[in-house]
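A.B. asks: Turn these sequences into a full structure, and let the hints guide you.
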Amino acid sequence: MTTSTNLVYLIALPLFSSALLLLLGRIADKWGHIFATLISASVFAVALIEFFAMQGRDGLARPATQKIFEWISVGSLHVDASLLLDQLSICFVLLISGVGTLIHVYSIAYMSHDHDRRRFFAYLNFFIAAMLLLVLGDSYLNLYVGWEGVGLASYLLIGFWNQKPAYATAAKKAFVANRVGDVGLSLAIMIAFTQFGTVTFAGVKEGAHGASAAALTAIGAALLLAAAGKSAQFPLQSWLGDAMAGPTPVSALIHAATMVTAGVYLITRSNFIFDASPTAQLMVVSVGAITLLFGAVIGTAKDDIKKALAASTMSQIGYMILATGLGPVGYAFAIMHLLTHGFFKAGMFLGAGSVMHGMNDEVNMRRYGAIRKVMPITAATFGLGYLAILGVPPFAGFYSKDKIIETAFNAGGAKGILLGGAALLGAAVTAFYMTRVIVLTFTGTKRWDENAKPHESPILMWAPMAVLALGSVTSGFLLSSGGALVNWLQPIVNENHENHAEEFLPPLVVSLMALVVIAIGVALAVFKYRTVPLVAPTNVSVFTKAARNDLYQDSFNEAVFMRPGQKLTSGLVKTDYKVIDGLLRMIGWIIQTSSTAVRSIQSGFVRSYALIMVLGVLALVVMVWLVTL
Amino acid sequence: MLTSPKLDYALLAPILIILATAILGVLVEAFIKQALRARLQLTISLAGIVIAFEQLYRVRNQGSSMAAITSVSIDGAGIFLQGTILVLAFVGILLIADQDHFAPQASALPGSIEEAAALESGRAQTEVFPLTLFAVSGMMLFPVATDFITLFVALEVLSLPLYLMAGLSRRRRLLSQEAALKYFLLGAYSSAFFLFGAALLYGYSGSLSLNGLTDAIHGGGGNDVFLLLGIAFVSVGLLFKVGAVPFHSWTPDVYQGAPTPITGFMAAATKAAAFGATMRIFYVGLDAAQWSWKPIISVIAVVTMLFGAIAAISQRDIKRILAFSSIAHAGFLLTAVVSLNQSGLAALLFYSVAYGLATLGAFGVVTLIRDSAGEVSDINRWLGLGKKSPLIAATMSLFLLSFAGIPLTSGFVGKFAIFSAAYESGNIYLVVVGVLASAIAVFFYLRIILMLFFADASNDSVSVVIPPLLTRVAIFLSAIVTILLGLAPSILFDVAQNFAYFIR
Amino acid sequence: MSILTTLQLLPLIGAGLIAFLPVSNAKLVKQVALGFAVLVMIVSIFMAFGFEKSERSLQFSESRSWISAFNINYAVGIDGMALVLILMTSILVPIVFLAGWNESENGRWSVKTFYILLLVLETMMIGVFAATDVFLFYVIFEAMLLPVYFLIGGYGSGERAAAAMKFLLYSLFGGLLMLASVIGLYIISTNQGGGTFDITKLSELSIDTATQNWLFLGFFIAFAIKAPLWPFHTWLPTAAKSATAGTSTLLLGVLDKVGTYGMIRFCMSFFPEATKTFTPAIITLAVISILYGAFLAIGQKDINSLIAFTSISHFGFITLGIFALTSQGLSGAIFYMVNHGFSTAALFLTAGWMIKRRGSSQIADFGGLQRVAPVLAWSFFLAGMSALALPGLSSFVSEFLVLVGSFAKYPVAAILGTTGIILASLYVLLAVQRALHGETPTSAAGIIDLNLREKIAIGPVIAVLVLLGFYPKPALDVINPTTQTIMTHVGVSDPIAKVVK
Amino acid sequence: MDVSNYVYLSALLFTIGAIGVVVRRNAIVIFMCVELMLNAANLAFVTFSRIHGNLSGQVASFFTMVVAACEVVVGLAIIVAIYRSRRSASVDDASLLKR
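Quick mapping for you: the protein sequence lines, in order, are chains E, L, Z and S.
In terms of numbering that gives the first Met the number 0, the first sequence opens at residue 0 and continues consecutively.
In terms of numbering that gives the first Met the number 0, the second sequence opens at residue 0 and continues consecutively.
In terms of numbering that gives the first Met the number 0, the third sequence opens at residue 0 and continues consecutively.
In terms of numbering that gives the first Met the number 0, the fourth sequence opens at residue 0 and continues consecutively.
None of these hints come from the bench; they were simulated from the model.
A couple of the hints might just be wrong.
A partial selection of chain L residues facing chain E, derived with a Cβ cut-off under 7 Å [claimed, not checked]: (1) Lys181; (2) Pro294; (3) Ala310; (4) Ile312.
Straight-line alpha carbon distances no greater than 25 Å define the calculated DSS-like cross-link-like pairs of lysine-lysine that follow [what the hints assert, rightly or not]: (5) E:Lys566 to Z:Lys300; (6) Z:Lys275 to Z:Lys408; (7) Z:Lys408 to E:Lys204.
Yeah, the Cβ is synthetic: ideal placement off N, Cα and C, and Gly gets one too.
C.D. replies: Laid out in C-alpha cells, this is it:
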C-alpha cells in the first residue's frame, strides 16, 4: 500500500471546473467547452502518471491511497473521505478519463449549435468527477456518493433538453430506477456495517471470512440490486432505452462506456462477498444471463439507432455481469469485456451521433441507408466497432466475449450448459441485430429525405471516433496478450490464483462454435433486410411485437408499480382528508353538537332553573348516600 | 359579672370601614345635591376602600386571631381574600364610575316619562355605589366567618345588593330586570338550602361553629344522616354562588342581563368570596368528613369544567361566553378545593386575584364596544375590531389568553398552581380533565381573537368608544397585572403562599 | 450574564426599538430588524467558537430564581445539540428577513408588527433550546405559538385564519397534555426531596414504571404533534399552505424541531424505561410517517403542501433515528434536524419566490422555469436534491446515519425507511419536472430571475448544505458528546458488529 | 311528644317550599315558598336547639328572621319593578334571557 497525494486532483479538478462553469454562467460561454476539455485531458494525464507509477511498483505496493479528510465519525462508524487507486480502479480511471476526454472533444463540435453548450460541459465534468469518485472511493459509502453523483449527472444530461416533456420524463425515469437500485446499495452498506462494524472495502473483506452465509448472501443480493439499477440489468433495465433522450455523446460516455458499467465494478470490487456466497453468485449469473438475452432480443426490433445500441449495451453488460458471477476467474474477463466494450460501444454511439448530426437528428434507421457513401469515416469506424462487438477475431470483442462464453460453459454441470448456451445464443442474436443496424444504416439503398443533406462530420468529431475504433481493434489483443489484464487484476480479484480445474470444452471449440453462431446471425440479418420498408411493417409475429415493445417491460412496470402506486397515492390523499383530518373534524363536531344540545337546557325559565337545582340537590343526596355505602 | 364581649375592632375594622362608607354613601344619596353626588360617591367609595385596605395592611401580621367572639377568624387566607376583594372592588368601582351604564332611576318604569326626564335633567341616582360597598362588606365577611350564622348573614349581605345591582342597567331595562328577578329568586332559593343545611349540621353537632362541627365529627356519635344531608345542602348554597354545575343556570342569564361593570365586579369578587368561604367550610369544618364530600365535589368539578368549556362554544354573546367561561373556571377552582392541601389554598388565592382582574378587565373592554343603541355584546359584530382599534383588541386578547391559560399571562400561572396542587393531592384524573377542558376552552377564546384580528370588519356601526379615564385606568391596571403576574408571578405567589393557612 | 441571555435579549431589544419607529418608514424597520438578526447571528457564531466540545456538561449556564414558590428558575445552558439548533436558528432568521423582504407588505397589519413578531419569535426560539428548566421550556414552548399564530393569520394567504386556528389549537392541545406531565414530574421531585424543574435533577428521579409511561406519553404526544408525526400531522400542510414563505421556514425549520428536540431532551432523559417500552410503537409511527408523508407529497398539487408533506416524511426519519437509540441514529437525527432546517428553508424560500412571481402556488401553473429563471430554478432544484438526500449535500449524511443506526436494531424499519428514498426521488422530481422542465407556458414566461438580495439570501443556505455535506465533522463533533451522554443515561449501547476482526 | 317530629315537620315544610318554587308561576308565591323554606330551617334550628339543650339554634332563628325580612324588602322591590314594566308577575313571562 502506497500513499499518494495526487489522487484528490482526479476528482477535484473536474468537480471544481464544473462548479465554476455553472456559477459563472453566461460569462463562460465562450471558453467553457475548451476549459472543460482541457480539465478532462489533464485528469487523463494525472491518471496516466499514476498508472505508470503503479506499474513501477510491484506486488502489494501497487495500490495507492490518499486520505483527504475525516468525513463521518459517529460512535463506531468511521468513514474517511479517502481514495484508493488499485489495479482495478486504475482500469476504470483510465477508461473514464480517456474516453471522457475523447467525448469532450467530440462534443465541442457536436454541441456547437446548442445555446447551452457550456452547461453541457459543466455536467460532463461533473459526471467525470462523480464517476471517478465512484471508482476511487475506498469504502462503500464513498462509492455511494459517486454512485448517486453519476445518477444525478445522468439525470441532468438525459434531461439536458428537458423543455421536451418526453425527455424530462426519461430523465426522471432513469433517476427513479437508479434510486431503486440505490436502496440495494444502502441496504448492503447497512448490513455490512452491522455485521463488520465498518464500510471500507478492506474492512469488509477482512470480515467476510468470518461472516455467516445468510449475511453474505443478503449483502450480495443487495449489491446485485444496486448493480441492476445502475447497469440496467433485469429487472431494473427499462430506463436505459429512454435515456437515449440525452445528447448522443452522453449516451456514448455514460450510457455505454462508463456509468452503466458501474454495476460490474461494484460486483467485481465486492468479489470477496460473492466468492463466499454461492447463492449470491447464482443470482448474479441468472440476472446476467437473462439480461444478455433480454437486451439482445429487444435489439433485434428497434428502428431507433440509439435504442438499438442501448439494447445492445444492456445485453453486453449482461455478459459482464454473467462473468462476474462466475467466480474468481470471471472477474478479469468481465473487466476486460467492460474495457473493450467501452471502446467499441462508445465508438459506435459516436458514430450514430455522427450520422444523426448529418441527418438533421433523424434516428430512425429505416430512413437511413447507404450512408457509407456520404460518411465514409463514420462508416469505417462504426464498422470496426461492429466487428469488435460481434467477436470476430482479432477484434477486441473476440478476446473478451469468447472468454466469457468459455468460462460460462466451464461453470460445470447443467448450470454451465445453461449459462454457456445462453451466452452463445446471445452472441448469435447480437450478430443478427448488429448486422441489422449496419445493413439498415450504412448499406443498402438510400431512403432518406431530400432535404436531409448527409455529410461527413468535422474532424473534431471523427478523430475521437477513429481513436475509439483503434481501441476496438487492438484493445482485446493488448489486454489479453500474455494474460496481461488477468495477471494485473489478480491481486484484487483472484488472490488465490484459482482456475477451473476442468474445462468443459477446449477454448478452440468454444471459439469455433461462437463463430458459427455469429455467422448464422449475420447471414440471417443480411437475408432478412435485403429490402427495408420505410415504415415498420405491422403484421408481424407476437415475438417481434414483444421485442418492439421492449418485452413489455414498461407495461409491466406501469401495471404493477406505477398505476397501483398512483392509486395508493390518491387513495392516501383522500384518506388523509377524510379519515385522519375527518376524525379531528368529528371531535370538533361532537363538541359543537353537545354544546348546542347543552344550550337547550338554558331555557330562560327561572322555574326550570330551579328544577335543575332541585335535581342537582337530589343528585347530591344520592351521591352522598352512595358514598356512605 | 357580665363582661362585654371582646370584639377586636382592629381586626374587624376593614369590614366596618366599608360598612360605614356604605352608610355614608346612603346619606350622601339622601342629602347631597344632585350635581355633586356622583363625583362624591365615587370619591367616598374609593377612599373607603383605600382606607379599609390600609387598615387590612396594618393588621396583616396579626393573622391567626379570632375576632368577634370566635365568629370571625382573621387568618392568613382570610386577610388575603379580604385584600383581594378590596382590590377587585376598587377596580370594579372604577368601571362602575361610568354612570352611562346605569338607569337614572331604577324604580322608574322603563321607557317612562320620569325616566327620560331624570336622564335629561341629569338627576341620576347613584345608589349603585353604596350598594356595591354593602356587597363588598358581605364579601369580606363571607370568607372569614366561622359560624353558620355569620356565614348566612354574610351571604345575604353580599347577595342582596347584587340582586338589585343586576337590575340597574340603563339600556335593555327589561333584560336587566329579568336578570335581577332570576338572580334574586334562585339566590334566595339556594340560600334557603344553605340555611337548612346549616340547621341540619347544627342538629348533627349541636354547635353552629365550624370548630364545633369538626369536634363533633371527630367525636362521632351524632346522627350521620344530618351530617350528610347538611353537607349536601350547605354545598348547594356554596356551589350556587360559585356557579358550579348543576347550580349554574343563573350565571349566563344574569351575566348577560346585568349592567356590564356590575357583571365584571360580581364575577370577580363574588367568586373570590364564595370560594374563600367554601374553602374555609370544607377545610376547617368538614375536613374530618372528607370521605363523604370529596368524591362528590370532585365529580362536580369534573362536570363543571367540561360543561363550562363545552357550553361556551356555541355561544355568540360575549357576556354569555364569559359566563360559561366563569363556570369552567369555577370547575378549576373546585379542583383546588378538593386538593385539600396548602398548595391548593395558595393556588386558589393566587387564582382569585389573577382571574378576578382579568375578568374585570375583560368586562371593562366589553363596555367600550358599542353602537348607537349601547353595548354590542354579539361577537359576530366584533369582526375586524382589531383593525379599527388594535390596542383595545389586543387588550381583550390578552385577557382571553389569560383565561385560556396561555403562558406568560397570569391565568397560566394560576392554572399551573391549581393543577400541581391537585396532582400533589393525588387527584391526577382531575388534572387530566382540567387539561382537556382547557383544551376545549381554548377554542372559543381563540375564536374571539380570530374574529377580532383575522376577519374583515363587517359593515356596521360598531365602534369602540373613547374610554372614560377611570375605565381606562381599570383596564390598564388589569392588563398590567395580568402580564406582570404572568412574567413575575412570585411577587404575588410568595405572598399567597405565606397567607395560605386557616386557623381553627 | 450568560451569552445565552444576551442572545435572547438582543432580538427583544430590537423588537422594542422597532416599536418606536414610525410605521410609515417600512424600509427603516426592515433594516433595523435585519441588523439585529445579523447581530444575533454574529453573537451566536461567536458563542459557538467558545463552546468546549469535549465538555459533556451544559455550558454557558446561568440560573436565576424566577418563581421561588415552585423553585422555578430562569435557567439556561446548552450542550452540543442545543448549540447546533441555536446556531441554525440564528442563521436562518436573517436569511428569512432578507428573503422575504417584501412579504410583510400585503399583510393585515403593518410591516412593523411583522418584524416585532418575528424578533420576539426569535427570542423564544433561542430560549426554547437554551432552557434547562422544564417550566421555562414549557412556557416558551407554548408562548412561541402566539407569534406564529399571528404571523400566519395576519400575513398569510388563502384560508389563513382557519389554518392559524388549526395550528394553534392542535399545538395547545399537545402542550396541555405536556403540562400535566410537567406537573407530575414536579410533584414527584417534591416527594423525592425538593421540588425542582431542573432538567439535570429531574432526570435523576426514580419513577415507577406505570407513572413513567403516562408522563412519557404526555410529553411525547405534545412533541409528536409539534414535530409532527403521523397521525398528528394534519395541521402542518394547512399551515404551510397559508403562511408566508418566511414563516413556514421558521415554523418547519425551527419550531417543529422543538418536537424532536424535546423527544431527546425530555422524553429520553426523564423516562428512560418508558422510552424503551414505547420504542417499538414509536418506531412504527416513524416508519409510517416516512412512507405516508412521501406518498402524500407525491399526490400534492400545491407546492407548499408538498413541502410540508416531505417534512412529515423527514420528521419520520428523525424520529426513527432518535428512537433507534444508537449513536449513529441519535447523532444522525440531531444532525438531521439542522440539515432539515436549512433544506426546508431552501425549499420554502425558493418556492415562495416562485409563488410570488407567478401568483399561484399550484405546481401545474408553472413550467419551463429553468429556461426563464435559471438561478431560481437551480436553487429550487438543489433544495429538492437536498430533500431527497443526495450525497454531497448534508441531508445525505444525516439520513444515512439515521438509517445505518436504526438498521442494527430495527432492520425492518430501516429497510422500509430506505424505500422512502425512492419515494423521495419521485416527489422531488415530479415537482421539478412540472415546474422547471417542459415548455414554458406563456403565463409563466414573464417570471424574472432572482435579484441580488434574493441571491444573497439563498446563497448561504445552499453553501451550508454543501459544506456540511462534504465536511460534517464540525457539527458531528459537537453533537456526538450529547449523543453519548443520552445513551449512557438511557442505559443503552451500540450493538456490536457481529464479526469482530 | 317526641321532639324529632318537629324535625320531620320542618323537613316537610322545607320540601313543600322547595316544590312550590318549581311548580308555581307567580313571583310572589314563589317568593313565599322560599320564605316557607327559611321558616322550615328556623323550625329545625329551634328543634335542634331543644334537642341539644343550647341556645345557639334559637339565636340563629332570630338572625334568620331578620335576614328574611331584608330579603323581602329587596325581593319585593324587584318583583314590583318588574311587575310595573311587564304588567305581569308570572315568572314564565320573564324569559328573554336564554340559550
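A.B. asks: Given proline 294 of chain L as an interface hint, is its Cβ closer than 7 Å to any Cβ of chain E?
C.D. replies: holds (6 Å)
A.B. asks: Would the pair lysine 408 of chain Z and lysine 204 of chain E pass a check requiring their Cα atoms to be no farther apart than 25 Å?
C.D. replies: Holds, at roughly 23 Å.
A.B. asks: Quickly compare the C-alpha distance for lysine 275 of chain Z and lysine 408 of chain Z to 25 Å and report which way the hint goes.
C.D. replies: holds (12 Å)
A.B. asks: Against chain E, with CB atoms and a cut of 7 Å, does the hint on lysine 181 of chain L hold up?
C.D. replies: holds (5 Å)
A.B. asks: Holds or violated: the hint that alanine 310 of chain L contacts chain E, with Cβ atoms closer than 7 Å.
C.D. replies: It holds, given that the least Cβ distance between alanine 310 of chain L and chain E is near 4 Å, below 7 Å.
A.B. asks: Check the hint pairing lysine 566 of chain E with lysine 300 of chain Z against an upper bound of 25 Å on the C-alpha distance.
C.D. replies: Distance of about 15 Å is within 25 Å: holds.
A.B. asks: Can isoleucine 312 of chain L be said to touch chain E, with a Cβ gap under 7 Å?
C.D. replies: At about 4 Å, which falls below the 7 Å cut-off, the nearest Cβ of chain E leaves the hint on isoleucine 312 of chain L intact, so it holds.
In the structure shown, no violation is registered for any of the earlier numbered hints.
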